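Colleague: Given only the sequences and the hints, what does the whole structure look like? Please build it.
Protein chains in written order, with our numbering: chain P, 223 to 329; chain G, 2 to 124.
Hints may contain errors.
Now the in silico label distances, taken between C-beta atoms and shown as ranges [what the hints assert, rightly or not]:
hint : chain 1 : residue 1 : chain 2 : residue 2 : range
1    : P       : 227       : G       : 106       : 18 to 28 Å
2    : G       : 60        : P       : 278       : 26 to 36 Å
3    : P       : 239       : G       : 123       : 37 to 47 Å
4    : G       : 104       : P       : 246       : 19 to 29 Å
5    : P       : 252       : G       : 60        : 17 to 27 Å
Note that these hints are calculated values from the structure, not bench results. Predicted, not measured: the structure shown is a model, and the values here were computed from it. C-beta atoms are modelled at their ideal positions from N, C-alpha and C, and glycine is treated no differently.
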Amino acid sequence: DIQLTQSPSFLSASVGDRVTITCRASQGISTSLAWYQQKPGKAPKLLIYAGSTLETGVPARFSGSTSGTEFTLTITSLQPEDSATYYCQQPKSYPLTFGGGTKVEIK
Amino acid sequence: EVQLVESGGGLVQPGGSLRLSCATSGFSFSDHYIDWFRQAPGKGPEWVGRSSSKAYSYSTKYAASVTGRFTISRDDSQSSLWLQMNSLKIEDTAVYYCARGVAVAGAVYLDFWGQGTLVTVSS
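Modeller: Structural data, given as structure tokens:
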């Protein structure tokens, strides 16, 4: 199985801050990675797919990048509504797997 | 508008069975993958299984933890999918989601999700 190691597991930042979340894959998955945002009691919401493609309707302050087996989700100017848990997920091979999640808190 | 609506969750005893439904609308059902995920309380999402699209002969794949106990079926005429869960264990307790998959560059991404249905396995 492909393991995804996500860091940090928790971060607290202020409105307007630049926030970066990292996801490292245990083996090469090309650019096949998705990022999801999940708020309490809600289903995950697709933000980024194919490593760096912004899903329709997602604000442009979210971006994704890839370097080898390391993937990064960046929020350039954190907003109050971005308080949530973020997960990376690989669709490259079965079983599909998720990172452990990053809880983002607004100070 | 794309919609997926799960139903059928509830309380079941260990060893029991439950059948979840995923009713969809707003898209060409037969052209899409549909996956099941679950999320135990306080945990991250876990992939359960997949029903591939008509183009891939509706083939199915399952997570190791549910293989032999869970079965996915679909009826394109009803734009619906089912998850038959047998021999349920306490560790199957979770919110179960169905999600629509779209193929991009050889990978399948889940772009629309239902609201989830809670399955509780307890004596």
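Colleague: Does the hinted range 26 to 36 Å hold for residue 60/G and residue 278/P at CB?
Modeller: At roughly 28 Å between Cβ atoms, residue 278/P and residue 60/G fall inside 26 to 36 Å, so the hint holds.
Colleague: Does the beta carbon distance between residue 104/G and residue 246/P stay inside 19 to 29 Å, or does it fall outside?
Modeller: Given range 19 to 29 Å: holds, Cβ gap about 25 Å.
Colleague: So the hint says 37 to 47 Å: do the beta-carbon atoms of residue 239/P and residue 123/G match that?
Modeller: 43 Å, holds
Colleague: Can you tell me whether the CB distance of residue 227/P to residue 106/G sits inside 18 to 28 Å?
Modeller: Cβ of residue 227/P to Cβ of residue 106/G: about 24 Å, so the range 18 to 28 Å holds.
Colleague: Taking 17 to 27 Å as the stated bounds, is the beta-carbon spacing between residue 252/P and residue 60/G within them?
Modeller: About 23 Å separates the Cβ atoms of residue 252/P and residue 60/G, which means 17 to 27 Å holds.
Checked against the numbered hints above, the structure breaks none of them.
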